[in-house]
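One-letter residues, chain by chain:
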Amino acid sequence: MKQEKALLKNSQLVRRFNSFKSNKRAYISLYIFLSLFIVSLLAEVVANGKPLLIRFNAKFYFPLFKNYVETDFGGDLEFEVDYHDPYIHDHITENGWMLWPIIPYKFDTIDYALDVPAPAPPSRTHWLGTDDQGHDVLSQVIYGFRISVIFGLVLTFFSSIIGVSAGAVQGYFGGRVDLIFQRFIEMWASIPSLYLIIIITSIVRPSFGLLLIILLLFRWLSLVGVVRAEFLRVRNFEFVKAARALGVRNSVIIYRHILPNAMVATFTFLPFILNASIIALTSLDFLGLGLPPGSPSLGRLLAQGKANLQAPWLGITSFVVLSVLLSILVFIGEGVRDAFDPRRNLA
Amino acid sequence: MSLLEVRNLSVTFKTTGREVQAVKKLSFDIAESETIALVGESGAGKSATALSIMRLLPEGRAFYPSGSVRYRGQELMGISEDALREVRGNRISMIFQEPMTSLNPLHTIEKQIGETLVLHKKLSVEEVHERTAELLSLVQLQEAHTRLNAYPHQLSGGQRQRVMIAMALANEPELLIADEPTTALDVTIQAEILSLLKKLQSRFRMSLLLITHDLEVVRKMADRVAVMKSGEIVETGKIDEVFENPRHEYTKYLLSSELKEVLHEPETVGEEVIKSDNLSVAFPIYRGIFRRKRGEVRAVDRVSVTIRGGQTVGLVGESGSGKTSCGLALLRLISSTGSIKFMGEEVQGLKSSNIRPLRSQMQIIFQDPFASLNPRLTVGQIVEEGIRVHYSGESRSTRNRMIATVLNEVGLEPGYMNRYPHEFSGGERQRVCIARALILKPRFLVLDEPTSSLDMSVQTQILTLLIELQKRHNLAYLFITHDLRVVRALSHEVLVIKNGRVVEYGPVERIFKNPRHPYTKTLIKAAVDMEID
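Which chain is which? The protein sequence lines are A and B, in order. Residue numbering for the first sequence follows numbering that gives the first Met the number 0, beginning at 0 and increasing consecutively. Residue numbering for the second sequence follows numbering that gives the first Met the number 0, beginning at 0 and increasing consecutively.
Just so you know, the hints here were simulated from the structure itself, not pulled from any lab data. Certain hints may be false.
Claimed, not checked - Taking CB as the label site, the calculated pair distances span:
hint, chain 1, residue 1, chain 2, residue 2, range
1, B, P104, A, S21, 50 to 60 Å
2, A, N249, B, T336, 18 to 28 Å
3, A, N249, B, K292, 54 to 64 Å
4, B, S424, A, I37, 44 to 54 Å
5, B, P283, A, L33, 48 to 58 Å
6, A, G208, B, S318, 52 to 62 Å
7, A, L231, B, K198, 39 to 49 Å
8, B, K340, A, S250, 25 to 35 Å
9, A, S21, B, T521, 34 to 44 Å
10, B, D28, A, S21, 42 to 52 Å
11, A, R14, B, G343, 31 to 41 Å
Claimed, not checked - Subject to a maximum C-alpha distance of 25 Å in a straight line, what follows is the list of computed DSS-like cross-link-like pairs (lysine-lysine):
hint, chain 1, residue 1, chain 2, residue 2
12, B, K13, B, K23
13, A, K240, B, K350
14, A, K23, B, K13
15, B, K340, A, K240
16, A, K20, B, K13
Predicted, not measured: the structure shown is a model, and the values here were computed from it. We put the CB at the ideal spot given by N, CA and C, even for glycine.
With the hints as constraints, model all of the structure from the sequences given.
So this is what it looks like as structure tokens:
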């Protein structure tokens, strides 16, 4: 019986997924997004300033997992190895070999061997060129993509939870609770959040966590309206009255009867909220108010492009990456919205 | 020659992966100034037939595999949209069931009636104004001249339906299609609208295609009747012949499911289950910036009623009279004043935690079985809800047994437990609602129009089930309805309520034979004879 139940529950999901799949553009976008995201999750293997594997004097070394000092490879100093250093490089390859990632630069690896002044244009060593500090652009893109998407996902997750709970409470209880909450939200929403962020970041040094919290303070508002409206609508349905007549508790009614009905609206909004979250982080980075200096970021790359107009590969790369990322998220969002639209499914 | 000839009409609806044949090879004629009624239960294809005459079904979803519709010899099937527009609203007009949604809320009624006049008659502004006023007085809208600039929300349901009729009549059509024109209206207003339609028909010598599920309306209005079942006409003929001497099984079945006889058992005097004394429900009116209370609307005004075990009290009134509020107040689902005694114990003023144990003993069944079941839970989960609250200690298997027993009792297969509400018909859904209430073994049930959204034959089945259950469990029923035929069949006592006040209260036979209050008299006359003074 349990299985049968699960099957039935799935059938609606399956139908929605099929409906999503039938939207070619959204489906392909999802594919592209997932493959890009997976590649970026493996960024350390794809783009790194350290070799993946070293064979030296008949022994294996794993620089990705362990930090070695130069003396390990016959150097003279107790410093961390710079594998791009010609001396070390030659020394190792004479007594063994090194397996490099496809892109042998991490986002913060500075290439001192550039034959042109930084920013260097695209070449065989740097496929998308370097920025004005000699960082490889492609590597920055991969790491920046990862941090943007992860930041977006985490921010979306938490802001949805807060937004849905706040909307649920307002919509279900209505009346005075709703009135007070609504006024509070209106006041809260009219705080100029950008200035607040500027003030906070000038006092405290922003980190991933702190930025998340600051943005969360203003981002949770986006779902409240939708969920509240859905609760206001559904709480007047007769099945809710019937549940009250049975003596069911409010918390159970909210969770079991109304929330599933409000989730459709929430899911529909999620890809767009994710989009907005990514934009938020990027724009803060662009303004220099975002992640601490030295972290990879699409916004900072964009700022580099603005500061170095003579090096168009910087601006063009960050523009293309951002517009592709945001576009495929919008396409996925459209697909999800159509798949969850009950009017299409019930027909 | 007939005014309208429909031959071999078929209508198919296509949705992703599915085809539904709504109308199958249908043929009928409408003669001049004749009324023909299309009768059948929901899903029989009545509305699809009516809409396809004017080709109003959604393009791209509805297809016509075969058939011809001839209007005065002119073929309407397959002609261009432009040519069709000449006919629509001009020679053939239509009125719909729901006067609430058939009018555009953003335009005044003058503008909406005038629209067809400008379109088809090319009248000037003054002429349109004059003609609109004339039409409104024709449909007997009160104070027609001052209502010209009214918006739909300023009118009542009956008034809106009059406006709809005025719109349909604006160009003096030869054929009026009325799709359940009175179903959404109260009995007295229903009677008014029907007599208005009849009057207008003879005045304009119109033909009328009346679509309805109400045999009483057919009897009153039609010359000929066509009985439809699953897209086909099973019987057609003169009204007297069909009703006196039905030939097809389905017609006989429809006629037999009309509520004629008294269904309920003679009254047994049980113990008092619920008793209210001066029960009032007031909704406050707030005004001004400080939202200070400036008055109140009394939805229920000092109602005293006693219901005993095994007894049904019918609560009758028009929409907005406070029937539902009264039921909800008795269950303490909305706040009220006055005394409510349940099993001799005062429940008014009890805290909500103290009421919860009582909830199992008093239950409610709602009108719309589609809205009263959560679409995301299975039937098993829906029925189980009550035991989860009140018998939370029971084991899984005991609970399942309880669910199976109660489903059996209301005439559903226990195997239905794992299905979702959308897989069921309206009647079956209503049985699920009854099961949900019954599983807690209540003593008192509020039935809030439990059958008014169901087909006649299903309605009779549900009512029979309710009476059986009442007999078996000695239940006390408060039966809220606007349908006096149902009340007569089911109740022992009747409470007639108007604007929240009781106008008459007494045994059912006495009230129907010898109503004392003029309002009761009007109600009964409108419901039984469909006439209005």
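Tested hints:
1. B:P104 x A:S21: 50 to 60 Å: Since the Cβ atoms of B:P104 and A:S21 sit about 36 Å apart, the hinted range of 50 to 60 Å is violated.
2. A:N249 x B:T336: 18 to 28 Å: holds, 24 Å
3. A:N249 x B:K292: 54 to 64 Å: Check failed, 26 Å falls outside 54 to 64 Å.
4. B:S424 x A:I37: 44 to 54 Å: holds, 48 Å
5. B:P283 x A:L33: 48 to 58 Å: holds, 56 Å
6. A:G208 x B:S318: 52 to 62 Å: holds, 58 Å
7. A:L231 x B:K198: 39 to 49 Å: holds, 44 Å
8. B:K340 x A:S250: 25 to 35 Å: holds, 31 Å
9. A:S21 x B:T521: 34 to 44 Å: violated, 57 Å
10. B:D28 x A:S21: 42 to 52 Å: For B:D28 and A:S21 the Cβ distance comes to about 45 Å; the hint holds.
11. A:R14 x B:G343: 31 to 41 Å: violated, 53 Å
12. B:K13 x B:K23: It holds: about 15 Å lies between the C-alpha atoms, which stays within 25 Å.
13. A:K240 x B:K350: Holds. A:K240 to B:K350 sits at ~18 Å (cutoff 25 Å).
14. A:K23 x B:K13: Roughly 22 Å separates the two Cα atoms, so the pair holds.
15. B:K340 x A:K240: holds, 22 Å
16. A:K20 x B:K13: holds, 21 Å
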